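K.L.:
One letter stands for each residue in the lines below.
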Amino acid sequence: MNEIAIKINNLNKKYKNTLAVKNINFQINKGMIIGLLGPNGCGKSTTIGMMLGLIKPTSGSVFINNKDIETNRTDLLQKMNFVSPYIELPKKLTIEENLEVYGRIYGVKNLKDKIFELMEKLNLTEFKKRKTGELSSGQKNRVSLAKALINDPEILLLDEPTASLDPDVGDYVRSIIEDFSSNNKKTILIASHNMIEVERLCDEVMMMKKGEIIDMGKSKDLISKHGRKNLEEVFLKIVRENNEVS
Amino acid sequence: MKFHRIYALYLRHFYLIKSSLPRWLDLIYWPTIQIILWGFISKFFTMHSDFYNNTAGIILSAAILYDFLFRSSISFNMLFLEEIWSRNFTNLFIAPFKISEIIVALTATALIRTLIGIVPAVLLASPFFGVSLLNLGPALILLLFSLYAFGITLGLFVVSGLLRYGPAFENVAWSSLFLLAPLGCIYYPLTILPDWLQIIAKALPLVYIFEEVRSILLNNVVNYYNIMSALILNLIYFTLAIFVFYSAFQEARKNGTLINVGE
Chain A
16 MNEIAIKINN LNKKYKNTLA VKNINFQINK GMIIGLLGPN GCGKSTTIGM
66 MLGLIKPTSG SVFINNKDIE TNRTDLLQKM NFVSPYIELP KKLTIEENLE
116 VYGRIYGVKN LKDKIFELME KLNLTEFKKR KTGELSSGQK NRVSLAKALI
166 NDPEILLLDE PTASLDPDVG DYVRSIIEDF SSNNKKTILI ASHNMIEVER
216 LCDEVMMMKK GEIIDMGKSK DLISKHGRKN LEEVFLKIVR ENNEVS
Chain B
2 MKFHRIYALY LRHFYLIKSS LPRWLDLIYW PTIQIILWGF ISKFFTMHSD
52 FYNNTAGIIL SAAILYDFLF RSSISFNMLF LEEIWSRNFT NLFIAPFKIS
102 EIIVALTATA LIRTLIGIVP AVLLASPFFG VSLLNLGPAL ILLLFSLYAF
152 GITLGLFVVS GLLRYGPAFE NVAWSSLFLL APLGCIYYPL TILPDWLQII
202 AKALPLVYIF EEVRSILLNN VVNYYNIMSA LILNLIYFTL AIFVFYSAFQ
252 EARKNGTLIN VGE
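Listed in order, the protein sequences are those of chains A and B. Start counting the first sequence at 16; every next residue gets the next number (the numbering used here). Start counting the second sequence at 2; every next residue gets the next number (the numbering used here).
Since the hints were derived computationally from the structure, they do not count as laboratory data. Predicted model only: the values in this text are computed from it and were never measured. Hints should not be assumed to be uniformly reliable.
Pulled a few chain B residues facing chain A out of the computed Cβ check, cut under 7 Å [what the hints assert, rightly or not]:
1. F15
2. N92
3. P139
4. N221
5. N224
Lysine-lysine pairs mimicking BS3-like chemistry, simulated, CA-CA at most 27 Å apart [to be verified]:
6. K22/A / K99/B
7. K29/A / K225/A
8. K3/B / K201/A
9. K107/A / K127/A
10. K31/A / K3/B
11. K3/B / K82/A
Glycine residues also receive a C-beta, built at the ideal position from the N, C-alpha and C atoms.
Based on the provided sequences and hints, a complete structural model is requested.
P.N.:
Encoded structure:
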């Protein structure tokens, strides 16, 4: 029987008069990679924020490894990590210093070895003494990914992990994510606008629109269900349904 | 509470300061300038004031202690603002920190920042102006502790505002102590204030601390009532500040501001 890594029950988030997330329910089994797709402002970031305990739900609950994030936040965050292009690491610290700080925060054992391993894997070794603020966006992105992998998280949440990367680096980062998942049976949730990336990486896809999950399933099943050629067309169909372009 | 997390947060700020000459200069420059300025003012008053004429450096001692308080509070605020400016804020709150660990880490790191700034200035005061804080005797330890506690308390209130209202609250971070300084009776006795302001001023630990400094330097008398009053008031305000900080954190979670502070 599959173990559940993430279980979302009747989750709602209301900001003043705006309902950002409307009664969503889903569960993700351990070891799966799930894509979360939807137009800008559809509630993806709010949903991820609630999964990380950064945002308090108006109602409903988030269970990680069968524990409520509201009451077990610190313990659960120890086993999770998150990457987003919208948050950065301290710019004045070198790559090595940043990874050491975060490694210590998570209490990583054999930290030096772990940092070395991650820097090797993400091609960062030659820049290890460079300040993070001096790196290119592709290099920064890889440092953020290294920080997210430093605690070997059981659950990894990725918000547009390859945004602003050139195709070559983007492809490389996707390989790292695939490798991390397949070797360790990790659970990964990817919010992305890159349909090719989602088709390649994800076991299943959830489509969000206006705060609701309006469809979910395997990429090929969604493509066939909606009678389209690829996931991008499915996305456009769903987003533009009822003549609404977000 | 886990020591490795507290140490990690300290390390983040240690690395930041270690490699930045402008930050070192900023830490040391202002306290030194303050001490030199107040050193000369103090010297002038010593020569031309009946009140101060037998007690060299009473103003300078007050200035050093006020700067210690100011640096404590600003250091605490700065540590938090650095996270906002570097857009590292969200990373901090998705890390498995307990709020208490963040408070302890920032409090300890702020003390180190404060000492980096104030120690050179204090050392300057002795050869240049013949003033030493050690003239305050053993009570100095309690006075410094009280000032530091109040500085951190103010820092906690300001940081709570940053959490609750975002970077727009930054201006308050810089001005918070200036608002309280007139009521703190740092350079003049409490009796200078109008009666109604004295009532308000007595609610601040600063009044008792600086009254005590004058009492020791002018009369060579340690008044433990003042010291205890300051400590008790500090305890009350510090407890309140922690409560406000926790509330601000919960409010920020409710408003969703933890995920995009700095934008």
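K.L.:
If a hint holds in the structure, say so; if it does not, say that too.
P.N.:
Structure-based check of all given hints:
The closest approach between the C-beta of F15/B and any C-beta of chain A is roughly 9 Å, which is over the 7 Å cut-off, so the hint fails. Using the Cβ-Cβ criterion of 7 Å, the hint placing N92/B at the interface with chain A is satisfied: the shortest such distance is roughly 6 Å. With 7 Å as the threshold, the beta carbon of P139/B stays out of range of chain A, its nearest partner Cβ sitting at about 38 Å, so the hint is violated. With a least beta-carbon distance of about 48 Å to chain A, the hint placing N221/B at the interface is violated under the 7 Å criterion.
Nearest Cβ of chain A to the Cβ of N224/B: about 45 Å, over the 7 Å cut. The hint is violated. Between K22/A and K99/B the CA atoms are separated by roughly 24 Å; this keeps the pair inside 27 Å, and the hint holds. Restraint check for K29/A and K225/A: the C-alpha separation of about 12 Å stays at or below 27 Å, so the hint holds. With a CA separation close to 26 Å, the supplied pair K3/B and K201/A stays within the 27 Å bound.
A threshold of 27 Å between alpha carbons decides the hint, and for K107/A with K127/A the separation of about 20 Å falls inside it, so the pair holds. Annotation: proposed proximity of K31/A to K3/B is violated, straight-line Cα distance about 37 Å (limit 27 Å). Between K3/B and K82/A the alpha-carbon distance is near 21 Å, which keeps this suggested pair within the 27 Å criterion.
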